[in-house]
Amino acid sequence: MSPRRRDDGLMVPPVEFGSYYGRAVVKAPAWHHDIAAYLFTGGLAAGSALLAAGADLTGRPALRRAGRSTALGALLASTYFLVNDLGRPARFHHMLRVAKPSSPMSMGTWILSGFGAGAGVAAAAEAAPLLPQHGVLGLARRALPPLGTVGGLAAAATAPALATYTAVLLADTATPSWHEAYPDLPFVFAGSAMAAAGGAGMLLAPTAEAGPARRLALAGAAVDLAAARRVEHGMGLVSEPYRQGRAGAYLRGARSLTIAGAAGALLGGRSRVLSALSGLALMGASVLTRFGVFEAGIESAKDPRYTVVPQRERLGQRDGRTALEP
Amino acid sequence: MAGPNSLYGPLDPAPDAGYVDAPPRMGFFTDTSVCIGCKACEVACKEWNGVPDDGFNLLGMSYDNTGGLSANSWRAVAFIEQPMPREAAVTAAMTQQGTGTEPGAAPAPRPEPQFLGMPTTELPGRREGHDEPTDFRWLMMSNVCKHCTHAACLDVCPTGALLRTEFGTVVVQEDICNGCGYCISACPYGVIDQRKGDGRAWKCTLCYDRIGDGLMPACAQACPTQSIQYGELDELRLRAADRVATLHERGETSARLYGHDPDDGVGGDGAFFLLLDEPEVYGLPPDPVVTTRDLPAMWKRAGLAALAMGAATVVAFLGRS
Amino acid sequence: MQDLVNADCIIIQGSNMAEAHPVGFQWVMEAKARGATVIHVDPRFTRTSAVSDDFLPIRAGSDIAFLGGVVNHILTRGLDFREYVLAYTNAATIVNANFKDTEDLDGLFSGYDDETHAYDTSTWQYEGHEEHGPGAAESHVARETAAAQQHESHGRPLPTQTLRDETLQHPRCVYQILKRHFARYTPEVVERVCGVSREDFATVCDAWTRNSGRDRTTALVYSVGWTQHSVGVQYIRTGAIIQLLLGNMGRPGGGVLALRGHASIQGSTDIPTLFNLLPGYLPMPHHEQHETYRQWVDAIRHPGQKGFWADAGAYCASLLKAYFGENATADNDWGYGFLPRITGDHGTYRTTLDMIDGKVKGYFLLGQNPAIGSAHGRAQRLGMANLDWLVVRDLYLIESATFWKDGPEVATGEIVPEDCRTEVFFLPAASHVEKEGTFTQTQRVLQWREKAVEPPEDCRSELWFFYQLGRLVRDKLAGSTLGRDRAVHALAWTYPVGGERHDEPSAEAVLREINGYDVETGEALPGYLQLKDDGSTACGCWIYSGVFADGVNQAARRKPGREQDLTAAEWGWAWPMNRRIMYNRASADPEGRPWSARKAYVWWDPDKGEWTGKDIPDFEKTKPPTYRPPEDATGPAALAGDDPFIQQGDGKGWLFAPGGLIDGPMPTHYEPVESPVRNPLYGQQANPTRKVYDRSDSLLNPAPPEPHAEVFPYVFSTSRLTEHHTAGGMSRQLAYLSELQPEMFIEVSPALADERGLAHLGWAHVVTARAAIEARVLVTERMRPLRVDDRMIHQVWLPYHFGFAGLVTGDAANDLIGIALDPNVLIQESKVGTCDVRPGRRPVGPALLGYLADYRRRAGLDNGHHAPLRTVPARHQGES
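Protein chains in written order, with our numbering: chain A, 1 to 326; chain B, 1001 to 1321; chain C, 2001 to 2880.
Read the hints as simulated data drawn from the structure, not as lab findings.
Model, not experiment: these values are computed from the prediction.
Treat the hints with caution; some may be incorrect.
Far from chain C by the CB rule (all over 12 Å, computed), these chain B residues [to be verified]: (1) Q1173; (2) M1216; (3) L1238; (4) A1311.
Once the Cα atoms are required to be at most 20 Å apart in a straight line, the calculated SDA-like pairs of lysine to any residue come out as [claimed, not checked]: (5) A:K100 with B:A1297; (6) C:K2451 with C:E2500; (7) A:K100 with B:G1018; (8) A:K100 with B:R1293; (9) C:K2621 with C:E2610; (10) B:K1196 with A:A28; (11) C:K2361 with C:L2382.
Some chain B residues flagged as far from chain A (calculated, every beta-carbon gap over 12 Å) [said to hold, decoys possible]: (12) D1012; (13) R1210; (14) V1244; (15) T1246; (16) P1262.
Glycine is no exception: its CB is placed at the ideal position from the N, C-alpha and C atoms.
Using the sequences and the hints, build the whole thing.
Printed below as a string of structure tokens:
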């Protein structure tokens, strides 16, 4: 990719455009990898809560336990990542000053808070068998399971929002490859969340109870692969960052792991080992998907091409002419 | 969310934000055709607002060692050297990935035709064809926060740290901001920025603490050539239109306004510009659109995805195993 | 300055006004907004060029050829404003028959003396005035003492009556002499000498002449890009000739605007910090020429002289009265004997070299950073390292206070900190917001400055320092009976003190003394016309008299511009007598009517019988245009009603200067002392009367016809950036300014970068006979090679703001520059020199000395060789 090779005419000249010393027009997101990690843990928590609620309602205690504890763990990790990424972590609570529909982050804060309350109660309910039979705690031991069900259902009710609002969080920016992806990104994230949660279920629950987890994983993998393909190829120039560099490598890895995990879920459901490996693959795929999407957005913001060229084209279409003639 | 245009379209932002009897909307008109690149605006801004220095880095971007707007530079003067005639000048400002236009590297290769000072029959200042003089230009522009009618930074701020003032400007409350960084990726102009070591987001306040007392913002006060004009936005827009007409009459046909139009993607800027070349040459987006224009559609797609997720879960539990 | 808005065209040459004077530049932008054409002529495309309508790249040091071409354009086409030229200039005056031009003598004027390298000027005089021309010996003294500076406010003296030919046809009238002199400066010659294309040159000629005359005016703006040359005074003379020919002097939107370099540089020549001047451009007494008070006064007023200098006795007596109070009496010639005398050249470079030679014991530096800011920095530092004591008063520990421990010579081993004998005293100074006083700016306007805050800790004002120092010195010498101490005892040294520390002298009291007062009543004088030579008035600076008229600080007036007309007479106070445009009588025609309604400024009101207009008329208020002086009149009475240049000996603007200049009555193109090319016009290469110091530590790069010029093949120039202030003492210590231009750099053209293998943002070093310095490279098309005399001349540019102390540091560009001085005012040629440019960083430590020695050897300078001043072949000897 050296300029020399271009000058030699060995390559098709790239789209030319004006810029200020090649400097970025928009600022690259100031977020660190905490946020990419949160995208994964948030999705995992959401999917797991759904699985747990389903398991609770359909009498799959092991899958329920697995789901609830995964949801709690992922929730705690999410909270850590979110707070840690703040420039002023001590002011985390300022998020709760307002509820702003125009701010996906504000909405997300409230979604996460609501979800967290439910998921927390649900997870706490799993501690009931450990409590003594009598006394005040005995009362709690009896009261917790139904409370857990209520909490679990509440968490499940908010879970789809938790899994998908993060797509709006990224898309509602001037980051070209995120913003343009707004129609498909929620499906990528929903799919990735289902696949990851399904994978966690396959990993943690006995195979006998893990059927829904496998099916959820399969559904998630399918949605994820389809939506990711549209993101990676369907947006013209701004799809490019999803195919290049680190982001491209992450997403290619994610695709391979997703396919492998899905195959395992489809074919190896009876084997505990194969099931666990498939589950891990799916979770890994979700991690890679999130980091890939995150990186692609940052790269798209750093290179002014992705900001300027689409805007030029838009102007050109509006003016009824091609913006940049060769 | 008061009116139908609250997310997109022409709007008077202060009343929309709930101000009763708001004063006229105030703003900047930055006329780059008279900018002499003295950077007094940068210094005056820092002095008044106590903004820290940005580091001592020779960037090699002509005389721009600021490198654009940032948390520590709320005014930044861009310098563009255009040594070629008009057509070639457009190419000159172009850049490609890998041509080394990052600060610290050599500037992009100079396209032909160009005068290299080699002995030729042509004299410097003239290129082939005596009737066409070279149009060497050194463009300078003092960039600043646009104080958009539809300010994405403000819309996406989850804490309410960013607020719309009674003058229609956009200000960060430094005691509220918790450094979530959302505003930074939301700004279509790359203005607002996180300050390292501090963690909070910072940008031009249009000297909220001065204009409330009837003073001019520090940069406009310091500008010796009236390149930075401060005033009521409606009046500035008229003045700017006159200025463009005058320049066109004098043959400066490259003059155009940027950010003045209430029908543009951000509902018009509170700080708009007269430019002498395409916006991207100055590092400005050619057609910025506030990201929240698409927010309803985004929520809709997210809702669909959420429903799909719920449905998939239900289906997953319908099986027997 | 704001008068620039009245201009129809503004020519900026030898100045980077937008960058160095950004605030004043608002008036250029305002003029442009009103439709004026702005043209910039400069070696380099600067921020001034960026907003000009036209930019012409010119070879550094060739401005006289360029301007001479404009003069030729005007005269060959008869485009001069004839009515103005006839009435107000000396165009018609007949010159001595023996005068020989540079055109006749291959670059020398008649009267050149090879012994003193000075001119006997008797042949330059007007017909019949031969005895008034100073001989070569006198010219030599005048050069040593930079006597031309005394003419800042007035020309050389002249007898009243001159022979004239009103038809301008006489072959020896100034008009014809001028026409012949500049006939060779054709567009082709301009192209060949300056590298300016004929088309571009025609553009300038056309704009300048089209925008001059009865109805239109053109302003000419220059600054140190013109002054800092070995022929700098003549650059300005050429500009003045054009402005006189086109009738632009003394008129709104016209004139020659000299932009000064600092807040009060104008003030520091008015009330000078120069060795050869006293306040108001009175000469510092010379031990031989001005032995007695009478000799001194007569040397200024010239008995029989026409014009206002005839009253010099009043200015001199009042100054001495202000200095010595009651100790100045008629019996002791107002204390004239107390004044020190000069014996020759005591200029800054002579003093520096004397320091190296151990002839100077102590040195005060106030607002001056010669280690970085003066030419030949190495000589400056070595000189300062050889003193008994050095006092540095500044805001920060500048390089001139620390060179002995961290200067470049410490790295090379030439200064050993432990052995450096100089004892340095650093005294922190108050900044401009911490003290009150006046600034006198470019346009001669005094503006009062209030103290905003008390100076912190030990910081004190200059006024405090000198007042308290004087007081302490007097106390120390209280018992002394030595003759040399008498002047100190005699000084009137009492000023009211106040301020928070109760020891700060009142600046207003000082300004009041400068204004002048009646000794009897103590009342402030209304102006210099009230000064007396009988000891009844005291005045610290006669041209400033009136600044405290009516006992009011006129400099403190701050009526906003929008509340008054454009002349803004109630903003501050301009000398003399609050006149904003000098010689403004010329804005009216000989009959006293405005030249045109559009350019009406000052005119004769026949009904009231007085001069009136938008400014204070620079003319006797009630002298009618028709006034003709009687034969025997002298002084102001000898000025006719149509003699607008009232300080000139003949009341006329001088196209031809019969006196006052050491290097010739007319400007002529000489190459810079360091030039890569042979003078294309004359055998005489460079100014034959320039001042150089022939010693091995003050070397100059060889220039043709000397051999080895190719060792230093490139032309370099240094100047300022908006972002920094001079030697950086006030800017490189401030983060907000330092970050804007954080590193020393060199601007080179892409062609030179190719030729020398220089990479953008890489390192390069620049070498002259004096020094090698390094800088980061900026490759920019704003630098353009020029074709000169059929070869390409590459020019490079460096800012001179960097030094080794401060937040941002870098090598000092002034280290490169040699000491070659203009003979008239002893200013150094620091705007052009030759150099070599090499990629990479320079050697460090002692290796640097060897590197430079090698360059000097190759340039034939290793034996301390200096080029002869005269390069005209001997065959012309007999003719001169």
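These are the hints, each one checked on the structure:
Listed as outside the interface, Q1173 (chain B) is consistent with that label: its C-beta sits roughly 25 Å from the nearest C-beta of chain C, beyond the 12 Å cut-off. M1216 (chain B), annotated as away from the interface, keeps every beta carbon of chain C farther than 12 Å; the closest lies near 14 Å. With a least CB separation of 17 Å from chain C, L1238 (chain B) remains clear of the 12 Å interface cut-off, as annotated. The claim that A1311 (chain B) lies off the interface holds: its Cβ sits roughly 57 Å from the closest Cβ of chain C, which is beyond the 12 Å cut-off.
At most 20 Å may separate the alpha-carbon atoms for a hinted pair to count; K100 (chain A) and A1297 (chain B) meet this at roughly 17 Å. With a C-alpha separation of about 12 Å, the suggested pair K2451 (chain C) and E2500 (chain C) falls inside the 20 Å cut-off, and the hint holds. Among the hinted pairs, K100 (chain A) with G1018 (chain B) is consistent with the structure: their alpha-carbon atoms are about 15 Å apart, no more than 20 Å. Between K100 (chain A) and R1293 (chain B), the direct Cα distance comes to roughly 15 Å. Compliance with the 20 Å bound is thereby established for this hinted pair.
Of the pairs offered as hints, the one joining K2621 (chain C) and E2610 (chain C) holds, with about 5 Å between alpha carbons and a cut-off of 20 Å not exceeded. With a CA separation close to 14 Å, the supplied pair K1196 (chain B) and A28 (chain A) stays within the 20 Å bound. Restraint check for K2361 (chain C) and L2382 (chain C): satisfied, since their Cα atoms lie roughly 14 Å apart, inside the 20 Å limit. Consistency note on D1012 (chain B): stated as away from chain A, and its beta-carbon is indeed over 12 Å from all of that chain's, at 18 Å minimum.
Non-interface status of R1210 (chain B) relative to chain A is upheld: no Cβ of that chain comes within 12 Å, the nearest being about 26 Å off. For V1244 (chain B), the shortest C-beta to C-beta distance to chain A comes to about 18 Å, beyond the 12 Å cut-off, and the non-interface label holds. The claim that T1246 (chain B) lies off the interface holds: its Cβ sits roughly 25 Å from the closest Cβ of chain A, which is beyond the 12 Å cut-off. Consistency note on P1262 (chain B): stated as away from chain A, and its beta-carbon is indeed over 12 Å from all of that chain's, at 16 Å minimum.
Comparing the model with each numbered hint stated earlier shows that all of them hold.
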